[in-house]
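Trainee: Could you put the whole structure together from the sequences, leaning on the hints where they help?
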Amino acid sequence: MKYALLLMGRTADADCGEDGGPDPSEFMRFDEEISAAGIVVGGFALEGPEHGVRVSEAEGQALVTSGPFAESSEFVGGSYVIEVPTIDDAIGWAKRSPGARFGHIEIRPLADY
Amino acid sequence: MATESAAAARALTVIGEEDHGRLLAALARTFHDLDLAEEALADAIVRAVETWPGRGVPANPQAWLMTTAKNRAIDLIRADARRARHLARLRIEDERRPGDHEDHADRLGADLDSARIPDDRLGLFFTCAHPTLKEPERIALILRFLAGLSTAEVAAAFLVDTTTMQQRIVRAKKRITVTGIPFGTPTSEVLGDRLSGVLRVVYLIFTQGFAATAGPVHARADLQEEAIRLARLLVRLLPDRTEPRGLLALLLLTRARAEARVDEHGRPIPLEHQDRRRWDSRLIAEGLGLAQAAAGEQGAGAYTVQSAIAAVHAEVRRD
Numbered sequence: 025m026k027y028a029l030l031l032m033g034r035t036a037d038a039d040c041g042e043d044g045g046p047d048p049s050e051f052m053r054f055d056e057e058i059s060a061a062g063i064v065v066g067g068f069a070l071e072g073p074e075h076g077v078r079v080s081e082a083e084g085q086a087l088v089t090s091g092p093f094a095e096s097s098e099f100v101g102g103s104y105v106i107e108v109p110t111i112d113d114a115i116g117w118a119k120r121s122p123g124a125r126f127g128h129i130e131i132r133p134l135a136d137y
Numbered sequence: 242m243a244t245e246s247a248a249a250a251r252a253l254t255v256i257g258e259e260d261h262g263r264l265l266a267a268l269a270r271t272f273h274d275l276d277l278a279e280e281a282l283a284d285a286i287v288r289a290v291e292t293w294p295g296r297g298v299p300a301n302p303q304a305w306l307m308t309t310a311k312n313r314a315i316d317l318i319r320a321d322a323r324r325a326r327h328l329a330r331l332r333i334e335d336e337r338r339p340g341d342h343e344d345h346a347d348r349l350g351a352d353l354d355s356a357r358i359p360d361d362r363l364g365l366f367f368t369c370a371h372p373t374l375k376e377p378e379r380i381a382l383i384l385r386f387l388a389g390l391s392t393a394e395v396a397a398a399f400l401v402d403t404t405t406m407q408q409r410i411v412r413a414k415k416r417i418t419v420t421g422i423p424f425g426t427p428t429s430e431v432l433g434d435r436l437s438g439v440l441r442v443v444y445l446i447f448t449q450g451f452a453a454t455a456g457p458v459h460a461r462a463d464l465q466e467e468a469i470r471l472a473r474l475l476v477r478l479l480p481d482r483t484e485p486r487g488l489l490a491l492l493l494l495t496r497a498r499a500e501a502r503v504d505e506h507g508r509p510i511p512l513e514h515q516d517r518r519r520w521d522s523r524l525i526a527e528g529l530g531l532a533q534a535a536a537g538e539q540g541a542g543a544y545t546v547q548s549a550i551a552a553v554h555a556e557v558r559r560d
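Protein chains in written order, with this note's numbering: chain B, 25 to 137; chain R, 242 to 560.
Incorrect hints may have been included.
As a list, the in silico EDC-like pairs of lysine to aspartate or glutamate whose alpha-carbon atoms are at most 20 Å apart [unchecked claim]:
#1 B:K119 x B:E50
#2 R:K415 x B:D136
#3 B:K26 x B:D112
#4 R:K415 x B:E56
#5 B:K119 x B:E81
#6 R:K375 x R:D276
#7 B:K119 x R:D434
#8 R:K415 x R:D276
#9 R:K375 x B:D136
#10 R:K415 x B:E130
#11 R:K375 x B:D112
#12 B:K119 x R:E430
It should be emphasised that the hints constitute simulated quantities derived from the structure, not laboratory data. All of these numbers come straight from a predicted model, not from anything done at the bench.
Mentor: Pasting the structure below:
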């Protein structure tokens, strides 16, 4: 089954590489580990939310705003899409990611449409 | 008409509660789909009701039901592309050949030796008690699929109406399928991690209490009795483990004192004032035996300890 492991960060936390923030080498180590397992079928790493652009609509008008977005307490940092037999396997991998310690990881099964 | 339905009812009495549970668990494990298993088995039972009174009950009724349900499950998978894709995605077999969904279902079905129905109920326990399910969902699923209560009886246990409970159970089954909660016998690692969670669900069922005199239309099942039966089943399924016996001892010793615990107005009576002649001595004897044996074992854990405490209370000398 395919699962997305969404790495969610807290806006209030220190950035990766800064004091008190996660160490980028931990993420790289995890990336090597999970890639070596041969289960990764997709995913992405994102630039920080300060570089995000939001598109929505208000009263029929398109609204385009740039980050950072003060009203959001969390943001998507990146994801892995993995293919493993059960949810327990996905949970096992999520636990090993440094993302579970800083912020959280949300596991979502890929929809079958 | 009356004779026909009476004959059908008689025919179905050869299939006990145990058999039904084992059939369901085997089908759920084979096809990794509890909802599918339930539907296929229900359809097979309908076929039995239709054909057995006329043709006679088969020599091996469980095997007949298993074969019929298995074939029905394969038909259901073939007819539903989504189910077929789900099965393929689970990669149950070693190799996965794309576009092979139908053969996949067939091969799985062939593995089910209809002459010998395996006991997959331990796996079903662990599936229904999986930590990613919410606690009320776990209780409802175990009452429905392992204790064999009807949806109406489970609804009564939760003090909700049957339709509401039906929806909850449908959602819980959907969560199992969509999230990818595993089926199959747990490994010893999984057993080590999660057995206490499974026992906890049985304990919660016990503490939900007695049959209520008031409540929804259908009689409320005696949940303490159901919990004891589930604990006995776990003892049989896991004979080498201590904690299931610890739990059973705890439940028996607690149940044994039920009659003495409240007065005629329903007010609780403290232990030192309870009339011990109203304790059930058979349950006490069995509970004490289990508790004492379990206490000395390496696998003793929380429930064994609690049963030891209950044993002390039960051994208090009569005046």
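Trainee: Against this structure, judge whether each hint is valid.
Mentor: Taking the hints in turn, this is what the structure says about them:
1. Taking the CA atoms of K119 (chain B) and E50 (chain B), the gap is about 13 Å. The hint holds against a cut of 20 Å.
2. In summary, the hint linking K415 (chain R) to D136 (chain B) is supported, as the alpha carbons are separated by about 14 Å, within the 20 Å threshold.
3. This hinted pair checks out: K26 (chain B) and D112 (chain B) have alpha carbons roughly 12 Å apart, not beyond 20 Å.
4. The hinted pair formed by K415 (chain R) and E56 (chain B) fails the criterion: a straight-line CA distance of about 34 Å is larger than 20 Å.
5. With a C-alpha separation of about 37 Å, the suggested pair K119 (chain B) and E81 (chain B) falls outside the 20 Å cut-off, and the hint is violated.
6. Proximity of K375 (chain R) to D276 (chain R) is assessed by CA-CA distance (about 18 Å); at most 20 Å being required, the pair is judged to hold.
7. The straight-line distance between the Cα atoms of K119 (chain B) and D434 (chain R) is roughly 15 Å, inside the 20 Å bound, and the hint therefore holds.
8. At most 20 Å may separate the alpha-carbon atoms for a hinted pair to count; K415 (chain R) and D276 (chain R) meet this at roughly 8 Å.
9. For a cut-off of 20 Å, the pair hint linking K375 (chain R) to D136 (chain B) is broken: about 24 Å separates their Cα positions.
10. With a C-alpha separation of about 19 Å, the suggested pairing of K415 (chain R) with E130 (chain B) holds against the 20 Å cut-off.
11. As the CA atoms of K375 (chain R) and D112 (chain B) are separated by approximately 16 Å, the hinted pair is consistent with the 20 Å bound.
12. The hinted pair formed by K119 (chain B) and E430 (chain R) meets the criterion: a straight-line CA distance of about 17 Å does not exceed 20 Å.
Going down the numbered hints, you'll see the structure goes against 4, 5 and 9, while the others check out.
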